[in-house]
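Asker: Residue numbers (our numbering), protein chains in the order written: chain P, -2 to 334; chain C, -2 to 334.
Source of the hints: derived by calculation from the structure; they are not laboratory data. There may be inaccurate statements among the hints.
One copy or two, either will do: identical chains are not told apart, so a pair holds if it fits within one copy or between any two.
As the list claims (entries may be wrong) - Here are the simulated DSS-like cross-link-like pairs (lysine-lysine), alpha carbons at most 30 Å apart as the crow flies:
hint, residue 1, residue 2
1, 257, 85
2, 271, 189
3, 189, 257
4, 271, 85
Number of protein chains: 2
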Amino acid sequence: MTKVPSSLENGATESARDILSGDRRALARAITLIESAREDHQAQAQVLLGNLLSHTGGAVRIGISGSPGVGKSTFIEAFGLHLTEIGKRLAVLAVDPSSALSGGSILGDKTRMERLARAPSVFIRPSPAAGALGGVARRTRETMLACEAAGFDVVLIETVGVGQSEAAVAGLADLFVLLVQPGGGDDLQGIKRGVMELADLIIVTKADGDLRDLARHTESDYRSALALIRAHGKGPRPQVLSCSAMEESGLAEVWLAIEKHNDALVSSGELATKRQSQAVSWMWREVEERLMAALRDEAGVTALSERLENEVAAGRQSPVAAATAILAAFRQQDGDK
Amino acid sequence: MTKVPSSLENGATESARDILSGDRRALARAITLIESAREDHQAQAQVLLGNLLSHTGGAVRIGISGSPGVGKSTFIEAFGLHLTEIGKRLAVLAVDPSSALSGGSILGDKTRMERLARAPSVFIRPSPAAGALGGVARRTRETMLACEAAGFDVVLIETVGVGQSEAAVAGLADLFVLLVQPGGGDDLQGIKRGVMELADLIIVTKADGDLRDLARHTESDYRSALALIRAHGKGPRPQVLSCSAMEESGLAEVWLAIEKHNDALVSSGELATKRQSQAVSWMWREVEERLMAALRDEAGVTALSERLENEVAAGRQSPVAAATAILAAFRQQDGDK
Chain P
-2 MTKVPSSLEN GATESARDIL SGDRRALARA ITLIESARED HQAQAQVLLG
48 NLLSHTGGAV RIGISGSPGV GKSTFIEAFG LHLTEIGKRL AVLAVDPSSA
98 LSGGSILGDK TRMERLARAP SVFIRPSPAA GALGGVARRT RETMLACEAA
148 GFDVVLIETV GVGQSEAAVA GLADLFVLLV QPGGGDDLQG IKRGVMELAD
198 LIIVTKADGD LRDLARHTES DYRSALALIR AHGKGPRPQV LSCSAMEESG
248 LAEVWLAIEK HNDALVSSGE LATKRQSQAV SWMWREVEER LMAALRDEAG
298 VTALSERLEN EVAAGRQSPV AAATAILAAF RQQDGDK
Chain C
-2 MTKVPSSLEN GATESARDIL SGDRRALARA ITLIESARED HQAQAQVLLG
48 NLLSHTGGAV RIGISGSPGV GKSTFIEAFG LHLTEIGKRL AVLAVDPSSA
98 LSGGSILGDK TRMERLARAP SVFIRPSPAA GALGGVARRT RETMLACEAA
148 GFDVVLIETV GVGQSEAAVA GLADLFVLLV QPGGGDDLQG IKRGVMELAD
198 LIIVTKADGD LRDLARHTES DYRSALALIR AHGKGPRPQV LSCSAMEESG
248 LAEVWLAIEK HNDALVSSGE LATKRQSQAV SWMWREVEER LMAALRDEAG
298 VTALSERLEN EVAAGRQSPV AAATAILAAF RQQDGDK
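Only chain P is shown next, with the shape it has when bound in the complex (with noise of 0.2 Å):
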């Protein structure tokens, strides 16, 4: 382990105690110091969240995504007031991995959902800055443990869909829930392939005025759609509704489905079997990623790697007899240290 220094550890020590008595701005700081790309701020965060470790786990962690256009803002603002108003505190975490570095991510945007934004229960953050998406969902994790250490009930993950970011939430969350529109399958608004398996609940927005017969279809044709999947051989079926965040209706619903669905986890000692082999996953692709990471960056391994990467696309070498040439200039540089 990295050798701590005894002022940073007063330092997490004192933070850790801030942020489990609930103060709203060392938990802000804390995940500042989360989300920097300093070496020093990186080795304070593993502190602190050492710290918070055994304060966590306590909220329903719900991932969430859908379409452009479907919805997803004025959904989670309706349903996040819907739980503020049946007591619960929330936190509202994003995965955005093309989030334009000055101009943020439209993930989390506190003007999107202005009203949840001001209600004192809610705590909003937009995504980390744009990164790899290994280590924005890292991010995201930690960020999601420090709001539970903090004493949130529920926290609730958006991503929109860019690359592998929905697989990357719900390795994060206890479920996900998936956006659709009335009418679904339209080549814009239809889900993005491989998605759709990943729910764990399909909710179709918009069941309202004009559209409501029309997400009614939409909903029976979801769940005939889930019927020919096989049940994961263990956990709770997905589940299809529908609900109108402007005229208020469902949302209740949606939040029972989410209980029945996590009740039914606790009780047959998923949730605890799902988490434990998430948290060792992240582990592995921490490692994996920082390995490859680290090779790649090598100098004498780049301009190789990007050589050969040409020469392989092209067909005149083969991936196993270029890897093995990568990894030979790799392993060599590590020996010369």
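Following the hints, complete the assembly by docking chain C onto the known chain P.
Answerer: Okay, now just chain C, sitting in the frame of chain P:
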């Protein structure tokens, strides 16, 4: 690159010539070399593949999977015989990481496809012996390349669906075919989560006798389900067909659908792009797997990571801190060499 003795190179040049001329025994010997775990055999295999590389790429690469009981062997035999009737040369390979070392895989089992195994224009090879999925899939990929160099027009790669094997096979193939039962959706016979969305073609088997009407309804159900999923953005939309191996009906339609899909990929340039990115992915996957294997096997790291896995699972240690410790132990070992 590993320096290869000239005797090895000469041997590999001869073998390549034999394979290219259609010598079936030379092909079988080459595959045995590819599958061998011995380092010297591996080196020979890489030289041989290097010689064959410019002669690969000439087959239609089809991945195929389906739940046990769906009638995969029956289908492959009937479909394979149809292909021979229209003048195609067919290789049938398998990816089955769970195959018992002694008993061999149930896939590519010639006794289950006797008639097909006897056809002169057909070559059937069971899965490489049990091992990590990555290693099995890699050897199957190289076997596929050898078969292409040997002049086969179609390579069929089947898998039973253990773990992530469908994803691995989809990563080798131009298109992925999923076989399903009439009625679909049952606990045991529904599609494994994550697989439906890999499919380019879904085939409902056993569309004969009492099941004929049910098969037609199932075909329609899957078509509706696929309509909810966004078109890939590029590439043809997945199709759904029925067939009966017993009546030998629908098989010609299956091949026409595959040809049509393939032609579309070729004319849009997508096939080339797909194969290039598959090859590059294989290179990085190989680098990653061998690097992680080296890490896990490192004496000082194995015990440490086992202990840390338990700590992380128990919530006593954060995944990131544990990863840091594992990486430090590994890089240190490397530096000592």
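Asker: If you test the structure against every hint from before, which numbers come out violated?
Answerer: none
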